[in-house]
Amino acid sequence: MLNRFTPMIKIQKLIHDYIKRDDEGNVAGTVRAIGGVDLHVEPGRFIAILGHNGSGKSTLAKHLNALLFPTEGTVWVDGMSTSDGKNLWEIRREAGMVFQNPDNQIIAQVVEEDVGFGPENIGVPTEEIWTRVEESLKAVGMLEHRKKSPNRLSGGQKQRVSIAGVIAMEPKCIILDEPTAMLDPNGRKEVIKAAKKLNREKGITVILITHYMEEAVDADMIFVMDKGVVAMQGTPREIFCQVERMKELQLDVPQVTLLGHELRKAGLAIPDCILTKEELADALLGAPEAAGEKEEADGDQS
Amino acid sequence: MFDSITLGQYYQTDSVLHRLDPRVKLVGTFTYLISLFVVKSFWGYLLAAMFLFVMIKLSNVPFRYIVRGMKTILFLLLITVCFNLFLTPGEVIWQFSIFKITREGLSFAIKMALRLSLLILGSSIMTLTTTPTQLTDALETLMKPLRKVHVPVHEIAMMMSIALRFIPILMEETDKIMKAQIARGADFESKNIVKKIKSLVPLLVPLFISAFRRANDLAMAMEARCYRGGEGRTKMKPLVYCAKDRVAYFILLAFFVVCILTRIFL
Numbered sequence: 001m002l003n004r005f006t007p008m009i010k011i012q013k014l015i016h017d018y019i020k021r022d023d024e025g026n027v028a029g030t031v032r033a034i035g036g037v038d039l040h041v042e043p044g045r046f047i048a049i050l051g052h053n054g055s056g057k058s059t060l061a062k063h064l065n066a067l068l069f070p071t072e073g074t075v076w077v078d079g080m081s082t083s084d085g086k087n088l089w090e091i092r093r094e095a096g097m098v099f100q101n102p103d104n105q106i107i108a109q110v111v112e113e114d115v116g117f118g119p120e121n122i123g124v125p126t127e128e129i130w131t132r133v134e135e136s137l138k139a140v141g142m143l144e145h146r147k148k149s150p151n152r153l154s155g156g157q158k159q160r161v162s163i164a165g166v167i168a169m170e171p172k173c174i175i176l177d178e179p180t181a182m183l184d185p186n187g188r189k190e191v192i193k194a195a196k197k198l199n200r201e202k203g204i205t206v207i208l209i210t211h212y213m214e215e216a217v218d219a220d221m222i223f224v225m226d227k228g229v230v231a232m233q234g235t236p237r238e239i240f241c242q243v244e245r246m247k248e249l250q251l252d253v254p255q256v257t258l259l260g261h262e263l264r265k266a267g268l269a270i271p272d273c274i275l276t277k278e279e280l281a282d283a284l285l286g287a288p289e290a291a292g293e294k295e296e297a298d299g300d301q302s
Numbered sequence: 303m304f305d306s307i308t309l310g311q312y313y314q315t316d317s318v319l320h321r322l323d324p325r326v327k328l329v330g331t332f333t334y335l336i337s338l339f340v341v342k343s344f345w346g347y348l349l350a351a352m353f354l355f356v357m358i359k360l361s362n363v364p365f366r367y368i369v370r371g372m373k374t375i376l377f378l379l380l381i382t383v384c385f386n387l388f389l390t391p392g393e394v395i396w397q398f399s400i401f402k403i404t405r406e407g408l409s410f411a412i413k414m415a416l417r418l419s420l421l422i423l424g425s426s427i428m429t430l431t432t433t434p435t436q437l438t439d440a441l442e443t444l445m446k447p448l449r450k451v452h453v454p455v456h457e458i459a460m461m462m463s464i465a466l467r468f469i470p471i472l473m474e475e476t477d478k479i480m481k482a483q484i485a486r487g488a489d490f491e492s493k494n495i496v497k498k499i500k501s502l503v504p505l506l507v508p509l510f511i512s513a514f515r516r517a518n519d520l521a522m523a524m525e526a527r528c529y530r531g532g533e534g535r536t537k538m539k540p541l542v543y544c545a546k547d548r549v550a551y552f553i554l555l556a557f558f559v560v561c562i563l564t565r566i567f568l
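Residue numbers (my numbering), protein chains in the order written: chain R, 1 to 302; chain A, 303 to 568.
Extracted from the complex, chain R is given alone in its bound form (with noise of 0.2 Å):
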């Protein structure tokens, strides 16, 4: 069952509702989080999914570590359903999770601890574990802080630690639920780097889930969620030339993408959809008109 063409995630018609209970624990009502969504991600991809506040993509991230269940439809996690009990703690080890608060993650008073807590839990033997600790520690840059208080460090370097506390226990998807979003832009780069690594270098399976439309750039595919379902999908490019849909679903796209956009709508001959600094400066240098606009562009990066 687990050859290298079964798919990492494979997720069909989900649907997941939030019973709402009241004073008394009677059902008072559900909410759909999730109305209907069929996802496939394929071993070793980098997949970003974006979406508004209560789009529904925290509660998608859940499913993917069984630590919620679905109302109806199935997941798949490497070829194992959620809904099956004997798969809980093989999913769970299999699909990493990182959460979105850095303090509220960290189990021991010791970084190198907390990152063998989780082969502590299934019961990996004492050496192992340390060559364990060490190189995900090293993997995401934090070897050199192994043994302080997870309290010194930067919200930046928890979440590294939080990362590395799952890449110990040796999964083939890690997926980070808007792992940046209580950080610093510098922090937010840190983490980004290192996700990015280990999805080249180790082949794991990243599902970064993201409001901030800069780390998306990169990924093999992005899915957009809209009030539970997927909206759009697509490689970065594709999802990003759509501008105003984009802003239809409340979400911004790169800035260089936008500013991109807004020039050639102001009638200049550059191509759609651009993505980096980099493909912008090229773009201007290579337009008719590029002598005149090489400044703003140079203003714009700064």
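These are calculated hints, taken from the structure and not from any lab test. You may find that some hints are simply not true.
[Unchecked claim] Covered stretches of chain A (chain R as the covering partner; in silico rule of three or more C-beta atoms under 8 Å from a C-beta of chain R): (1) 331-343; (2) 370-377; (3) 420-432.
[As the list claims (entries may be wrong)] Partial chain A-side listing against chain R, Cβ under 8 Å, derived: (4) M524; (5) G532; (6) G534.
For each residue, glycine too, the CB sits at the ideal point set by N, CA and C.
Dock chain A against the given chain R, drawing on the hints supplied.
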């Protein structure tokens, strides 16, 4: 305002005592506390004091640092001494109006003061040389037999270590909420006791809500990392006795036996 908080007053340095297995230190401290109640003669107290002095020397913690911890109980010590000194009936050796000191009272007071000081110093040696994490580990291992009578030993230890992890975070949060409430005109400085208690309500309610939210998040994060109680769990840092721990146990036993002997023969 909570900048200077150090939990369990652990003193970071390297010494024989720091490297000792935390279980030895825990058992040792209890043995020492019991021995303080076993000894009765001055020779016994002298022995206990000597033993403690050697331990302090071995711990590499500056003597001044340890004694500083005594300041807080100085008042308690004084009261105890006074009560024993003036209120013990017996052969009067000094009298001034209603105050009289008896021979028994004097010896009792001195012994009491000695016992209390040694008690505090003895237990602070343990907390100074052992991190809270090590202590929790030691407690978990030592209490393991209690699992047979359905005491949730692992869960208690886990709760203790989580509490230790979150105390600084909640402290910081209290500080933040306090400042936010002060910015909106809350008065935490009032001397009036009723007002003071009332002013705690807008502090405690948000703190509790946030603590529950944190607990919820943390539980989810632990589940996501395959936590399912103590069953089938391995340890990253298992406690293993080595030669020096066995030597320490032997010294402890010898000390305890001598203490009992002083009670019988001196």
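Status of the hints after comparison with the structure:
1. Judged by the Cβ-Cβ criterion of 8 Å, the region 331-343 of chain A is not covered by chain R as claimed, because only 0 of its residues qualify and three are needed.
2. Under a criterion of three residues with beta carbons nearer than 8 Å to beta carbons of chain R, the stated coverage of the region 370-377 of chain A fails, only 0 such residues being counted.
3. With a cut-off of 8 Å between beta carbons, the region 420-432 of chain A has 0 residues touching chain R; three or more are needed, and the interface restraint is violated.
4. Hint on M524/A holds. Least Cβ distance to chain R is approximately 6 Å, under the 8 Å limit.
5. A distance limit of 8 Å between C-beta atoms decides the matter here; for G532/A the minimum to chain R is near 10 Å, and the interface restraint is violated.
6. This hint holds: G534/A has a C-beta 5 Å from the nearest C-beta of chain R, less than the 8 Å allowed.
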